[in-house]
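Using the sequences and the hints given, assemble the complete structure.
Chains as they are written, first to last, in the numbering used here: chain P, 1 to 584; chain U, 1001 to 1283; chain X, 2001 to 2235.
Derived from the structure by calculation, the hints contain no laboratory data. Possibly wrong hints are sitting among the right ones.
27 Å max Cα-Cα, derived BS3-like pairs, lysine-lysine [as the list claims (entries may be wrong)]:
| # | chain 1 | residue 1 | chain 2 | residue 2 |
| --- | --- | --- | --- | --- |
| 1 | U | Lys1188 | U | Lys1090 |
| 2 | P | Lys316 | P | Lys454 |
| 3 | X | Lys2128 | U | Lys1162 |
| 4 | X | Lys2091 | U | Lys1162 |
| 5 | P | Lys557 | P | Lys500 |
| 6 | U | Lys1187 | X | Lys2056 |
| 7 | P | Lys454 | P | Lys500 |
| 8 | P | Lys500 | P | Lys563 |
| 9 | X | Lys2091 | U | Lys1090 |
| 10 | U | Lys1188 | X | Lys2091 |
| 11 | U | Lys1188 | U | Lys1162 |
| 12 | X | Lys2091 | U | Lys1187 |
| 13 | P | Lys454 | P | Lys11 |
| 14 | P | Lys11 | P | Lys316 |
| 15 | X | Lys2056 | U | Lys1090 |
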Amino acid sequence: MAVNAARDLPKAAAAAAIVALAFLPMAKMPAFYESFIYLIFFWVSLSTSWALLSGFAGYFSLGHAAFFGVGVYTTAALTTQFGVPFLVTVPIAALLAALLAAGIGAVVFRLRRLRGELFALLTLAVTFVIATIILNTPIDGGGGVFMSAVPLPALMSTPTGTIYILGFAMCVLTLATAWWVVHSRLGLGLFAIHDDEDVAEAKGVPTFRYKIAAFALSAAIAGAVGGIHAMYVGFITVAGTFELTVGLYVVLMSVLGGARHWLGPAIGATAITALLYAFISGGEAIMGRAIVGLILIAAILWLPDGVIPAFQAWLKRRRVAPVATRAEVAPVVPTTAPQISEHSILQVRGVTKRFGGLQALAGVDLDVHEGEIFGLVGPNGSGKTTLINVISGFYPLSSGTITLDGAEIGRDPAHEIARRGVARTYQIPRPFANMTVLDNVALCATFGGPVRSKAEIRDEARHWIGFTGLGGKEDVLPAGLNLHERKFLELARALAARPKLLLLDEVLSGLNPTEIDNAIRLVRAIRAQGATIVFVEHLMRAVVELSDRVAVLNEGKLFALGKPREVMRDPRVVSIYLGKAYAA
Amino acid sequence: MPSGTLLGQALISGVLAGGMYGLLALGLSLSWGLLRLVNLSHFALAFLAAYLTYELGTTYHVAPWWAAAMVVPVMLMIGLAQHWLFDRFKVNELASLLITFSFAVILEVAIQLYWTADYRRFETHYSTMSIKVGAFYIPVLELALCMVAGVLAWGTWLWLRKTYVGKALRAAAEDADIAAAYGVDHKKLAYLLSGMGAAYAAIAGTFIALIATLAPAQIWAWLGVVFAVVIIGRLGNPLGALLAGMLIGASESIAMAIFAPAWAPVVSFSVLIAILLWDPEWL
Amino acid sequence: MLLEARNLHIGYGDATAIWDVSLDVDAGEIVSVIGPNGAGKTTLINAMAGLLRCRKGELRFDGTDMTSVRAHGYCGHGIALVPEGRRLFAKMSVEENLELGCYLAAARVHRQQSLDRVYGLFPILREKRNQPAGELSGGQQQMVAIGRALMARPRIVLFDEPSLGLAPTIVDDMFDIIARVRQDGAAVLLVEQNVLKALDVADRAYVLEQGRIVSTGLPADLLQQPHIREAYLGV
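Written out as structure tokens, the structure reads:
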């Protein structure tokens, strides 16, 4: 009961707050307060919409004012020049802003390099260009737009009340959208993109589409907010609309509250707006700006993740830590005998890969049979990991074909290959750093495996966490795992996608002998579940012990292929490893 | 289409105005390119220096160059203090951008509290002086600015290229660990570079005081175009920054002469967007 | 002893990569550390160059305790690293890369003499001295990396996988150079996966596996050990 009360309390409080805020204009308070609360709604909506792309997926934009401004001017131009009713212009404003974002995204998101500060500056540049275009065309014309003649629908008894209720509706809609995104597939994918975009793609997240979707959604909300704000402002100028500080304030508000939490930007926006307003009403507006600046510097230095995550961490520390039941990492070993068919699940034909002047793969042909464990060895720089990267779609092929179960996959994007049943692990584990172990595995089940309900996915994720001996660690962040456990997390993530073909890149490196024995048993157990395994490994004892067949790569070519013991005794193979004299 | 003389005059004014972009871009380009710190407060420091020059000139009748000699050490200290904060908290690029933005806001407020939001103009007898070359007029102050910017950009470029310290800074920007393995104390050099950046801001500020009209909000006026200049000139390349500044200044000025003055901002950002899309490895 | 490591433990984050390793290099000696990939060779050598802190244990160079020296202080004591994957300053010219090697004042006064020596060893570098180092071929880049280390006039050179990614004939050249380095008076600590080459050039060798020294001795004796064959080939 107590637990339920604690869980339901926030919901009840939220519902009460929504109702109270909705009926506030009826209370006939002074217009001053309605304007003030409207401004809070305004900044909450704007900063939350910014966080949809920039906070969740980590693509920091400094150009949010562009989409907001497109919204402002859409409403301004349509109402004053074409007589379109104000309320009709708001969805149009949203649509135009979304189209602009999708257009920018379609170009920019194709380029891997345009992340981080470059994306931030590019969006800033777009803002200036749009502002200039609006300034110089009849949309504004340089003189500004007066909105006073535009009729405001009488939703409330006073104009400020109407603006208030529109801002309120927008704010609720925005927060609901943010909540929905966080709890949806889209949000899960965006968080993965934030932590490691390449891995997200390899695990089946359609990163390009998701980024565009988030960008468009973010811009649409900003556009709608701008449409409403045009009525609030009354007299619209380019300088006021596309002000640099708009784009920076949304960043600072979100970062202060916690840009990765759906409610974080709202907290930051409320705090900063209230603070600024307090100083304005006290006649000290400019001091307010300085204080906000100081607070932000302090927040970034001491609470880099924002208020909400810091608060959550504090709550967690206060709760009595459950007794850590450290499950031994010792997987169940199945008894079924391996079934290897002659059917080749993976066919690699004439595959080459060049990096500039370097020929990393110089025409490789391989067949991997269904159900076998296929070892891939060779000296450093022989192309093993490149081959894994090419099969999993991380690198595009230079030439050749790769077929999986008869279907050509050589030119598919990585997330498509992942969905067709190819999963991989990374030599140096690359977990999503801000997701728990459970979320890490659940993400891979969601995007790699068949479509299932959320509950089924959780069960599946828990199953593989237990299978790899990580039971009891579900709620731990990857940083709390040791190397051995992170390696097993890599395996659990790959398995959760229920792959037909599993590519293991040096799962044993860095492990101690006991851990290696565990891992070898685990790989056998995985095969017994019906997966085909290709593994790159340097530890020859394990290669000989595990593989049904071994391929040796040397200088980007297939050098030898066969039963492990025979291949590794082949004098030619010995010579590329140890030098000629040793082989003799 | 405007006349040839008009275009020529526009070109000259543009290049000279671009000298200011280049001078402001210099310090930014160094700290961003070589220290991976994006310093928005560079503009605020320049304006603080400008206001100090103005104050010294109008209240105490100190000549601008003597004012510069006094202001530069002050800005240097502020720059070092700011770098101490970055060093102490191991600030990354994005955090440095947010922190220096906040810092710039605080400086803007401080300026406004002391000098108010009114427009200020530091009139000297240089303000209206110009040299006539053929049909064209060259304002003396702008010319001096470009010469100073040229000397600083060229000198910094040579310093980075020819001295051990300069080479060490460039090496550390590529691979700080290996540079350290050969004895480069990156931490110390980073302070040096941050101090230099602040000193450049002070020099730019002196010219801002002489050439421009001062108002606290003007701090943000050049931010966009100067960032475009920094990127177009390639990060960490002082000569590139100055040349890009002059290029953008000239194109803006010509665009203004041919179309309308208000179209000018499109030029720099279109060039920037085109470069980033054409060659994302440009930086 | 010139370089003395006693019971070193080294790691990244929470993962320990080197457990309880002791190792010596005497002046004028070439010592090889061999072992399969992932054994911790690079971790070990990076710690000796000051790039990584040791968790536990002692590291002494010519009697000085190095564990309290900051990373940029190692070079001044006479330790120079030829890192894995070369890690040149790719945008800087070949000569600038070499000059970085003699950044410290003590080495800087011998700049011209050292440059002549490096260009004598690798004449091709003199031709390419104004080219960005990133545009050189793999073998030439390795030459720059070795040259950069020699410019520091070190008392010990730490080589990390000098044969990695190079064509066989160039690998032979690299090992000739390593022998030359010793003739010129510096000691060498070499970490290599090319077992035969590494043992061939060395006076003594250690075998590192999964972060521990499992065997040590003269190269000829180690070559006879079936254990090494097994570690590398699994048969």
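Item to complete: Output the numbers, in ascending order, of every earlier hint that fails for this structure.
Response: When the structure is compared with the hints, none of them turns out to be violated.
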